[in-house]
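Student: With chain R's structure known, arrange chain F on it following the hints.
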Amino acid sequence: MGIIFDMRKNFPLIVAKSLVFSLFFLAFYNFLSFSQETDAAINQSFSSDSEVNLYTLTDTLVEADEFSEFRESKNELDKLGSFYNALNDGGQFTFLSIFDQPLPVKDFRGDETYDYGYGTEMSVQGKYFDEDFGAQAQNVKSIQMNKNAFEFYKIRTEGGQEIPWKEIDYSGSEVPILLGSNYANLYRVGDVIQGNFYFKTLNLRVAGFLEPGSSIFYKNEINHYLDSYILIPYPDTLRGITDEEQFFQGILSFAMINGDLVARKDLSSAQLIEDLQAISRDTGFYDYTLIDVPTYLVQMSLTKSIIEDNYTLLLSIILAMGIGVICVTFFINRGILVRRWEGGLVYWLLGRSREEIMREFLWYSTIEYALAFLIFWLAFVALPNKNEFILMNSLFFMLMFLGAIYCTKDMCWVNI
Amino acid sequence: MTLRQSGAIVFLLLLFSFLLSALHVYGVRQEAITREGNKLYTAESIEVRGSFTDISARLDNVQDLKIYTNLSEDGDIRNIFMRDSSRVNFPLHSGRSFIEGESQKALVGAEVVTTYDGGIEYYIFQEKRYEVIGHLGRETKSLLEKNVILNDPALFGSGADEPYILDGSGVHNAFVSVYGSENVALRDGGTNKRTNVDLVSPLLKGFGLLLVVLGCISTGLLVGRYSAGQNGVQHLQGATHRAVFLRRAGEVTLLVAAVAFVIVSAWSVLFQVTFPVGVVLSGFCVQLCTVLTAFGFSFVKNVTGA
Chain R
225 MGIIFDMRKN FPLIVAKSLV FSLFFLAFYN FLSFSQETDA AINQSFSSDS
275 EVNLYTLTDT LVEADEFSEF RESKNELDKL GSFYNALNDG GQFTFLSIFD
325 QPLPVKDFRG DETYDYGYGT EMSVQGKYFD EDFGAQAQNV KSIQMNKNAF
375 EFYKIRTEGG QEIPWKEIDY SGSEVPILLG SNYANLYRVG DVIQGNFYFK
425 TLNLRVAGFL EPGSSIFYKN EINHYLDSYI LIPYPDTLRG ITDEEQFFQG
475 ILSFAMINGD LVARKDLSSA QLIEDLQAIS RDTGFYDYTL IDVPTYLVQM
525 SLTKSIIEDN YTLLLSIILA MGIGVICVTF FINRGILVRR WEGGLVYWLL
575 GRSREEIMRE FLWYSTIEYA LAFLIFWLAF VALPNKNEFI LMNSLFFMLM
625 FLGAIYCTKD MCWVNI
Chain F
152 MTLRQSGAIV FLLLLFSFLL SALHVYGVRQ EAITREGNKL YTAESIEVRG
202 SFTDISARLD NVQDLKIYTN LSEDGDIRNI FMRDSSRVNF PLHSGRSFIE
252 GESQKALVGA EVVTTYDGGI EYYIFQEKRY EVIGHLGRET KSLLEKNVIL
302 NDPALFGSGA DEPYILDGSG VHNAFVSVYG SENVALRDGG TNKRTNVDLV
352 SPLLKGFGLL LVVLGCISTG LLVGRYSAGQ NGVQHLQGAT HRAVFLRRAG
402 EVTLLVAAVA FVIVSAWSVL FQVTFPVGVV LSGFCVQLCT VLTAFGFSFV
452 KNVTGA
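Protein chains in written order, with our numbering: chain R, 225 to 640; chain F, 152 to 457.
Extracted from the complex, chain R is given alone in its bound form:
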């Protein structure tokens, strides 16, 4: 009976207190969820092993004649192939081979947001009838990369699937690919997509989906997200050129040697060039040039500091809110205590023991906290960023926080 009487008498204060607590804990939960993502983002793209010098390697066969002449010579292409293989084996550097292009996909299930031109200054082409497929097709955003690039940018799949890099072979029956996170509703793991890759029809088997927000440094932009891309892995090594596939392999080889060299910060560019020249001497391929890309390191450190500044900012606002909550609680608790005091006095005069009265009042407080948890829970269910691990953490913190207040209140009673 006592509890119901108390609830009726102190209803507004009890509700106010529960609201204050639940609001603060919702804010705190969100802060924890944010700080976890900040950690993950820093570890993925901005850790110390990402602090490297980046150089871009491009071929210098810019004249159309020169280029086609080169591609018609099997001997030259073999040199190029061994040059790539030597680059990929690395020395004091890591070679990241990355290239993007429109990929015509037969009977594509997505809309125009996957179109190669979407979000660029090029126009969106949309669905069209493709002669090669004899069916409807769409030119989709696609990116190819080698294992080094994949590992350097710490790209991961949602289900933890791995690419069998050693088995990538474009002359085989199927090539495993990864799809950006936006594709999750369009295709399933195991689906086979038909794509026209450098004028060759490939059966691309979906091996997994990239984590949302997967990104690489590409075209001088550190925030190059892959969410609507099809990621095609490059083979580990370029095999010898065959007569029937010379056209395809020629284009592919050129695409593959265009990429970035990653070198430790203490490795001078002179040393790097020396390394490259040694590879050229061994393989006989000299038609390339190396460009320093200082933008990478600058963008990377400044982007990192933006993420860290954001964290500090959120931390300071959550601290300000915490202080506010503690002060408000103090006043509300006093208000409730004063109102309950008379009731306690009556119990005392009626002959109840001090312990009994205390126990009764602790029940009243329990109601307040239970209500706070209830409100928190109801709002939590509606949050889009639910995560059990963070929930456990914030629940633990809440119990500590509330326990501390609960105990101080208990002490108040002893004093009275």
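Worth double-checking, as some hints may not be accurate.
To be verified - Footprint (simulated), chain R over chain F, 3 or more residues, beta carbon under 8 Å:
1. 162-168
2. 354-360
Said to hold, decoys possible - When the alpha-carbon atoms are kept at most 27 Å apart in a straight line, the in silico DSSO-like pairs for lysine-lysine are as follows:
3. K330(R) / K351(R)
4. K344(F) / K371(R)
5. K344(F) / K610(R)
Just so you know, these hints were derived from the structure itself, not from any lab. Where a beta carbon is used, it is the ideal one built from N, C-alpha and C, also for glycine.
Tutor: Okay, now just chain F, sitting in the frame of chain R:
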């Protein structure tokens, strides 16, 4: 009201004014960080193709519309059109942003080459001089250090279709409802996309504001309780309930105003943060209205004995 009770009220008012002002400062800094990590755009920005004159005329329901056009291949030099320049919150580490009715001015990052003439800094683009009025980036070293924003209507093409970037609240829906969903693309997020800050930050702000409102309500109720005795005596002495209420309300108004003054001064003295007049006024009004409403509620309850 005893001295201790008045002290408690002042303390609570100070606390919630501080929290309210802190939430505002937070919002401003958050926006600066967001924009710096996203080439000055907000998360609502879109890429479109169309005619400048047509777009600026037909998207008249987007009050804070901004239209950008790239003047360099890498997108570092841009020209801007603003519908309302008071709503441009670019991160600047010195100088000021564009003001209404001003053109032929430039905002530049720290690495941009400029010239000085008679103590005035100029940026030269296509042999035309633009006075530099502010420097982009929260600090000198920033992702915007190579960026230039010009404010020159003459640099916008005439009627032909060209690529533009539009920014402003609800600009995507506004554009689609006028032009359809062709020729428009959502931009793929800046640095904020790496974390869930775009989700968490508005939630934190919302919870913070609710806390302030809840706190102000409590303060108002507390004023009502603490002053009940005094109010009763004054009524017995012949003052009408209305007069007593107005007297208390006047006192509360003065108190809230004084507290607002203290908080605003404290920010400017301790952290060199200044608030626009409109922000101070609206914060003051929100706080005063909530406190007075709660006090009025408590007053009526005491008078009617309910």
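Student: State for each hint whether it applies.
Tutor: Going through the hints against the structure:
no.: 1; hint: 162-168; result: holds (count 4)
no.: 2; hint: 354-360; result: holds (count 4)
no.: 3; hint: K330(R) / K351(R); result: holds, 10 Å
no.: 4; hint: K344(F) / K371(R); result: holds, 25 Å
no.: 5; hint: K344(F) / K610(R); result: holds, 18 Å
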